[in-house]
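Student: Sequence:
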Amino acid sequence: MSRVNSFYVFIFLAFVTLMTVNSFYFKGSSSFLGVTYAKAYKINAEKSGIINNLLVVPGQEVQKGDKLIEVESPQLNLDIQKLRKEIELFKSEKREKKALLDSKIKLLESEKSILKGEIENDMRLIQNEIDLNNKLTQTISKDIPTDSLTALKLQIKSIREKGNLELQGLDIRILDLKQEDEFDQSQIQSKIELANEELEWKLREERRLNKFATFSGVIENVYVKEGEEVEAFTSLVSINPKHPTSVVGYLVGKKERDRELGEIVTVKSLEQPNLQIQGKIIGFGAVVELPQIMEKDNSLTTFGLEIFIEIPEDNPLVVGEQIIVK
Numbered sequence: 003m004s005r006v007n008s009f010y011v012f013i014f015l016a017f018v019t020l021m022t023v024n025s026f027y028f029k030g031s032s033s034f035l036g037v038t039y040a041k042a043y044k045i046n047a048e049k050s051g052i053i054n055n056l057l058v059v060p061g062q063e064v065q066k067g068d069k070l071i072e073v074e075s076p077q078l079n080l081d082i083q084k085l086r087k088e089i090e091l092f093k094s095e096k097r098e099k100k101a102l103l104d105s106k107i108k109l110l111e112s113e114k115s116i117l118k119g120e121i122e123n124d125m126r127l128i129q130n131e132i133d134l135n136n137k138l139t140q141t142i143s144k145d146i147p148t149d150s151l152t153a154l155k156l157q158i159k160s161i162r163e164k165g166n167l168e169l170q171g172l173d174i175r176i177l178d179l180k181q182e183d184e185f186d187q188s189q190i191q192s193k194i195e196l197a198n199e200e201l202e203w204k205l206r207e208e209r210r211l212n213k214f215a216t217f218s219g220v221i222e223n224v225y226v227k228e229g230e231e232v233e234a235f236t237s238l239v240s241i242n243p244k245h246p247t248s249v250v251g252y253l254v255g256k257k258e259r260d261r262e263l264g265e266i267v268t269v270k271s272l273e274q275p276n277l278q279i280q281g282k283i284i285g286f287g288a289v290v291e292l293p294q295i296m297e298k299d300n301s302l303t304t305f306g307l308e309i310f311i312e313i314p315e316d317n318p319l320v321v322g323e324q325i326i327v328k
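Numbering (the working numbering), first residue to last: 3 to 328.
None of these hints come from the bench; they were simulated from the model. Just so you know, these numbers come straight off a predicted model, no measurement behind them. Certain hints may be false.
What the hints assert, rightly or not - The calculated PhoX-like cross-link candidates involving lysine-lysine, where the alpha carbons are at most 20 Å apart (straight line), are:
1) LYS164 / LYS118
2) LYS204 / LYS100
3) LYS193 / LYS87
4) LYS96 / LYS213
5) LYS108 / LYS137
6) LYS84 / LYS96
7) LYS180 / LYS99
8) LYS66 / LYS244
9) LYS106 / LYS159
10) LYS118 / LYS99
11) LYS108 / LYS96
12) LYS270 / LYS69
13) LYS84 / LYS204
14) LYS114 / LYS159
15) LYS41 / LYS244
16) LYS93 / LYS193
17) LYS180 / LYS100
18) LYS41 / LYS213
19) LYS106 / LYS118
20) LYS114 / LYS180
21) LYS193 / LYS84
22) LYS41 / LYS66
23) LYS270 / LYS328
24) LYS69 / LYS49
25) LYS227 / LYS213
26) LYS282 / LYS41
27) LYS44 / LYS298
28) LYS49 / LYS270
29) LYS96 / LYS180
30) LYS244 / LYS69
31) LYS193 / LYS204
32) LYS213 / LYS69
33) LYS44 / LYS69
34) LYS328 / LYS282
35) LYS108 / LYS41
36) LYS118 / LYS159
Unchecked claim - DEER-style ranges, computed between Cβ atoms:
37) SER237 / ASP104: 52 to 62 Å
38) TRP203 / SER105: 33 to 43 Å
39) SER112 / LYS159: 18 to 28 Å
40) ASP316 / LEU91: 47 to 57 Å
For every residue, glycine included, the Cβ atom is placed at its ideal position computed from N, Cα and C.
Sequences are here, hints too, so could you generate the full structure?
Tutor: Take a look at the structure:
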């Protein structure tokens, strides 16, 4: 009989304590308590390389943007040098082709100049002959046959037409050379642009080899040493964020279980209520025992429904502190 009474007394005390805890934590409001968390973030190698320089040690505090590790890839360096040399060769080829074109055009222009001189000279000789015949006509009474003058004029016309055809032929050759060079230059330029795109991609890869802190925090561990060769996806360093990245709240009591996914809530520091940040409910867990930091009475185990809240990385809260969610 005594044992039965003790059991009911224990149940009564447990119920009263649970109601007291519920009242103490939530006081009839829609608020609930929780704890901030931050998961250590591992930085991995994106590709194989050699550790050139370690700039951090475990326990060191780092700020967002700080360089942590310098990594070099011999194969990547070789690819970059090869591409740069290839681009320079293409540019040199363009210059050589341009110089060759200029030389050929200069030669053809010279031929045109010589041809024009020859045409003008031949026409001048015949014209001189015509002029001489005209003078003779004026000094003597005997007429010079008109057939002779006509033949000379026809010769001038023939020389002019033939010369123009030859000059046009040279102009066509010059135009063909320019068009051919334009095509060749465009082909080489396409190769240069393609090589430049590949080079830029390789340079981005090279920049990504060096690792930087993506947020402020404390170095938890360094997994490599200087001079070590590492494979792709090898863990290099891990960082504990300075500020929490998530919150786990605990719903005690049925009235709090009408929360919805995606709901925006306010997360405040329990000790410093002026420190707060907006968060979003991203999921619900199981009914679990409250963390020890939230237990007011270690002699009694209290349970609550987990509610997971996402908060921005840039926040004023401290990892592992109690918070109140509204």
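Student: Against this structure, judge whether each hint is valid.
Tutor: Hint check results:
Proximity of LYS164 to LYS118 is assessed by CA-CA distance (about 11 Å); at most 20 Å being required, the pair is judged to hold. Among the hinted pairs, LYS204 with LYS100 is inconsistent with the structure: their alpha-carbon atoms are about 30 Å apart, more than 20 Å. About 13 Å separates the Cα atoms of LYS193 and LYS87, which keeps this hinted pair within 20 Å; it holds. For the suggested pair LYS96 and LYS213, the alpha carbons sit about 39 Å apart, so the restraint of at most 20 Å is broken.
The straight-line distance between the Cα atoms of LYS108 and LYS137 is roughly 43 Å, outside the 20 Å bound, and the hint therefore fails. For the hint pairing LYS84 with LYS96, the CA-to-CA distance comes to about 18 Å; that is within 20 Å, so the pair holds. Note on LYS180 and LYS99: the hinted pairing holds, with a Cα-Cα distance of about 11 Å set against a maximum of 20 Å. Only pairs whose Cα atoms come within 20 Å are accepted, and LYS66 paired with LYS244 is accepted, the gap being roughly 10 Å.
Taking the CA atoms of LYS106 and LYS159, the gap is near 30 Å; set against the 20 Å cutoff, the hint is violated. Distance check on the hinted pair: LYS118 and LYS99 sit about 28 Å apart at the alpha-carbon level, beyond 20 Å; violated. Taking the CA atoms of LYS108 and LYS96, the gap is near 18 Å; set against the 20 Å cutoff, the hint holds. Taken as a hint, the LYS270 and LYS69 pair is broken in the structure, with Cα atoms around 32 Å apart against an allowance of 20 Å.
Of the pairs offered as hints, the one joining LYS84 and LYS204 holds, with about 11 Å between alpha carbons and a cut-off of 20 Å not exceeded. At roughly 19 Å between alpha-carbon atoms, LYS114 and LYS159 fall within 20 Å of each other, so this suggested pair holds. About 11 Å separates the Cα atoms of LYS41 and LYS244, which keeps this hinted pair within 20 Å; it holds. Restraint check for LYS93 and LYS193: satisfied, since their Cα atoms lie roughly 10 Å apart, inside the 20 Å limit.
About 10 Å separates the Cα atoms of LYS180 and LYS100, which keeps this hinted pair within 20 Å; it holds. Pair hint LYS41 plus LYS213 holds up; C-alpha atoms about 19 Å apart against a cutoff of 20 Å. Pair hint LYS106 plus LYS118 holds up; C-alpha atoms about 18 Å apart against a cutoff of 20 Å. Taking the CA atoms of LYS114 and LYS180, the gap is about 16 Å. The hint holds against a cut of 20 Å.
A threshold of 20 Å between alpha carbons decides the hint, and for LYS193 with LYS84 the separation of about 14 Å falls inside it, so the pair holds. Restraint check for LYS41 and LYS66: the C-alpha separation of about 16 Å stays at or below 20 Å, so the hint holds. For the hint pairing LYS270 with LYS328, the CA-to-CA distance comes to about 8 Å; that is within 20 Å, so the pair holds. For a cut-off of 20 Å, the pair hint linking LYS69 to LYS49 stands: about 18 Å separates their Cα positions.
Distance hint between LYS227 and LYS213 is fulfilled; the C-alpha atoms sit about 14 Å from each other, no more than 20 Å. Between the alpha carbons of LYS282 and LYS41 the distance comes to roughly 18 Å, so the proposed pair stays at or under 20 Å and holds. With a C-alpha separation of about 35 Å, the suggested pairing of LYS44 with LYS298 is violated against the 20 Å cut-off. Under the criterion of a C-alpha separation no larger than 20 Å, the hint pairing LYS49 with LYS270 is inconsistent with the structure, at around 42 Å.
Distance hint between LYS96 and LYS180 is fulfilled; the C-alpha atoms sit about 13 Å from each other, no more than 20 Å. As the CA atoms of LYS244 and LYS69 are separated by approximately 17 Å, the hinted pair is consistent with the 20 Å bound. For a cut-off of 20 Å, the pair hint linking LYS193 to LYS204 stands: about 16 Å separates their Cα positions. About 6 Å separates the Cα atoms of LYS213 and LYS69, which keeps this hinted pair within 20 Å; it holds.
For the proposed pair LYS44 and LYS69, the alpha carbon gap of about 15 Å is at most 20 Å, so the pair holds. For the given pair, LYS328 sits about 11 Å from LYS282 by alpha-carbon distance, which is consistent with the 20 Å threshold. With a C-alpha separation of about 73 Å, the suggested pairing of LYS108 with LYS41 is violated against the 20 Å cut-off. For the proposed pair LYS118 and LYS159, the alpha carbon gap of about 14 Å is at most 20 Å, so the pair holds.
As the Cβ distance of SER237 to ASP104 is approximately 59 Å, the hint placing it in 52 to 62 Å holds. Roughly 38 Å separates the CB atoms of TRP203 and SER105, a value that falls within the hinted 33 to 43 Å. At about 26 Å, the beta-carbon gap between SER112 and LYS159 stays in the expected band of 18 to 28 Å. Take ASP316 and LEU91: their Cβ atoms lie about 49 Å apart, and the range 47 to 57 Å holds.
Against the hints set out earlier in the document, violations occur for numbers 2, 4, 5, 9, 10, 12, 27, 28, 35.
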